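Chain order of the listed sequences is C and A.
Per this note's numbering, the first sequence runs over residues 1 to 392.
Per this note's numbering, the second sequence runs over residues 1001 to 1392.
Calculated directly from the structure, the hints in this document are not laboratory data.
Everything numeric in this text was worked out from a predicted model, so none of it was measured.
Where hints are given, some of them may not hold.
Stretch by stretch, here's where chain A covers chain C in the computed footprint (C-beta under 8 Å, at least three residues) [what the hints assert, rightly or not]:
| id | stretch |
| --- | --- |
| 1 | 341-352 |
| 2 | 367-376 |
Below, simulated BS3-like cross-link-like pairs (lysine-lysine); rule was C-alpha separation at most 25 Å, straight line [unchecked claim]:
| id | chain 1 | residue 1 | chain 2 | residue 2 |
| --- | --- | --- | --- | --- |
| 3 | C | Lys115 | A | Lys1358 |
| 4 | C | Lys284 | A | Lys1172 |
| 5 | C | Lys157 | A | Lys1284 |
| 6 | A | Lys1172 | C | Lys172 |
| 7 | A | Lys1284 | C | Lys175 |
| 8 | A | Lys1174 | C | Lys172 |
| 9 | C | Lys175 | A | Lys1356 |
| 10 | A | Lys1213 | A | Lys1174 |
| 11 | C | Lys174 | A | Lys1284 |
| 12 | C | Lys157 | A | Lys1313 |
| 13 | C | Lys115 | C | Lys139 |
| 14 | C | Lys284 | A | Lys1174 |
Virtual Cβ for every residue (Gly too), placed ideally from N, Cα, C.
Spelled out from the first residue to the last, the chains are:
Protein chains: 2
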Amino acid sequence: MEHRGIYDYLTRKELQGIQEFSEGKQTPFLIVSLEKIAQNYDDLKKNLPYAKIYYAVKANPDVKILKLLAEKGSCFDTATIYELDQLLEIGVTPDRISFGNTIKKEEDIAYAYEKGIRIFASDSIVDLLKISRAAPGSKVFFRLLSSGGDADWPLSKKFGVYPDTAYKLAKKAKKLELIPYGISFHVGSQQREIGEWDNAIAKCKYLFDALKKDGIELKMINMGGGFPANYVQPTQSLEVYADEITRFLDEDFPEGLPEIIIEPGRSIVADSGVMVSEVVMVTKKAQLDNYRWVFLDVGKFNGLIETMDESIKFPIFTEKHMNSKKVSDVIIAGPTCDSADIMYEHFKYTLSDKLKEKDRVFILTTGAYTYSYCSVCFNGFPPLKVYIEDKF
Amino acid sequence: MEHRGIYDYLTRKELQGIQEFSEGKQTPFLIVSLEKIAQNYDDLKKNLPYAKIYYAVKANPDVKILKLLAEKGSCFDTATIYELDQLLEIGVTPDRISFGNTIKKEEDIAYAYEKGIRIFASDSIVDLLKISRAAPGSKVFFRLLSSGGDADWPLSKKFGVYPDTAYKLAKKAKKLELIPYGISFHVGSQQREIGEWDNAIAKCKYLFDALKKDGIELKMINMGGGFPANYVQPTQSLEVYADEITRFLDEDFPEGLPEIIIEPGRSIVADSGVMVSEVVMVTKKAQLDNYRWVFLDVGKFNGLIETMDESIKFPIFTEKHMNSKKVSDVIIAGPTCDSADIMYEHFKYTLSDKLKEKDRVFILTTGAYTYSYCSVCFNGFPPLKVYIEDKF
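Chain C extracted, bound-state conformation (with noise of 0.2 Å):
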């Protein structure tokens, strides 16, 4: 598949300081532009202006990004208590912090109740009455399963329960004397369905009005995650997205939103994050072969495990050879032995005749979910290297 140019995706100038940055560099490293972040935060704001955002820590843990966003005001969403830590270590109040995961140790969420958090996620009784203990009074919400449907990177049923669980689980929260606060969803990262936002928020309009029956006033909806980054399928803006997303709040809450968070990572971190990848080589299985393999400097298990079942399909540009004619479909694979680091074998990038080994590759939008994947020495191979930088 031929896929837009690459200032479809960069700046000229842009790309000039990523090409000029990277001159000399050992491949394969990645490039992170704090700005990007920034106008990326700012968007969403700008955007969704009620909403609250708690950004998904899990995306990028990088020190310098997380610096960046609580000083730009971001709460945060966090995944485990090593998140957390690195939280208040650089500063951020317990308050700004949420713990997002529905699956949790007791002790762990009596050791981020000592340290001042007071809202939990929540999907089962089980979690609910580890909560009640080490962490009694606090605020819970209770996340709602998704279909997931036309979600790159989809959803199974491993977070979330159905309405009706929620209900109960709004009601037994109240019994254990903890604070029944909203209802969470998460419509699968990517997604390009907008309509699910509009299925999801009618749910929990439907949970605000019977718990209301029952005494019990929710206060918040959590919208999670799923707004779309720059991948090679394109998608809908960011502000038809809003626009969708704040139509649907209005017409199920006219009297007034309640609260409003959301937690982006992908939408914020991915189009911050420039790969730079050398060919190791360029070859053929037999000579009237169909495809050829090209093989990089990094893959699946140094950077790139969103590959896997080529769900995410990153825009892959090649620095020499950007405007050649000649090109023709490759397959991608990466340089560990073994067989399934191959990135995309059954989508086809369509690549130019003349690549060769040395080459440089320029794998763009993976700021998210590529570094902290990385594997700590498959094949030998160290973590990928990492540049944090003001911008390209």
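With chain C held as given, fit chain A onto it using these hints.
Chain A in isolation, oriented as in the chain C frame:
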């Protein structure tokens, strides 16, 4: 699925040793028995006495394991210069090391050559040219494509070439003043179909004969790995594999065997490892759900990446409820906020109905391809802790 009992994998004494060792230790962690590794090495030596063992470092690169195998006289196959450095550091001489990755940067070949490496795998003209420039006069062996059928962790077309290309490469190697030394194949990791070796050996024989007519005398067959480890699905014993493979070799080379190399990884270290995990939570998504979800504190991104596509099915046992009569099917998932972090959803494990949070779970046969694959910090989780002990 109900699988075999724990004593089909461990002796009572070993299990007791693991339990004692685990006491009071925080999960998750991996415990590795050097005794088992030594025994597996000896078993291979005994069953394939004519084969030279090149341990595939990537399977488990822990330095204590490398030292043990070095003392026992093993040679080593490396995927990268990082693995090479590790071996040289502990005093392994370069004549006992091969560079088995066919995807290599020229500067890495040069580095290996400078360190004394004189045998390289190859499967393409471009790589061969690099070897001729950076490692002149070295021995080269050519990797054949394998179908990989019936392997649990199947091979793709990422590595290897068809025999006609291998033939051309051998002739080209001679022209480049390299030593066309042998043919290698890899039937696929955890290969269940012994006949795959027959196929591959027959192709080697064909190439030996064809090249002899051109004045090229190959000296070696590298049979790679693929010998079975003890996972959920039963395989034939090593004895049966060895007998059959030896018969195939004897039939194709009646006038005497060439040098035979094997590159075992999994079969040496897999069953030397037991992962000790704790149940974080057991839940159902709804009252009438068919399956319980069992969430462990170890998952796809901190040790169990080979559960990708549910490929490798690790034997899983609970500590407390081994003899439980009331059992039912479960879905097993990891602790991160990633929906892809589900180990087994389609293949059903059967665990005790009594299983609950804080119960310990033993994941067996986890000595290979586990901790080196761990993510550096996904969701903030640190990589799996590893204890290398003399024995269980």
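Comparing the hints with the structure gives:
no. : hint                    : verdict
1   : 341-352                 : holds (count 3)
2   : 367-376                 : holds (count 6)
3   : Lys115(C) x Lys1358(A)  : holds (23 Å)
4   : Lys284(C) x Lys1172(A)  : holds (16 Å)
5   : Lys157(C) x Lys1284(A)  : holds (11 Å)
6   : Lys1172(A) x Lys172(C)  : violated (75 Å)
7   : Lys1284(A) x Lys175(C)  : holds (21 Å)
8   : Lys1174(A) x Lys172(C)  : violated (77 Å)
9   : Lys175(C) x Lys1356(A)  : holds (23 Å)
10  : Lys1213(A) x Lys1174(A) : holds (14 Å)
11  : Lys174(C) x Lys1284(A)  : holds (21 Å)
12  : Lys157(C) x Lys1313(A)  : holds (21 Å)
13  : Lys115(C) x Lys139(C)   : holds (15 Å)
14  : Lys284(C) x Lys1174(A)  : holds (21 Å)
The structure is inconsistent with the numbered hints 6 and 8, although it conforms to all the rest.
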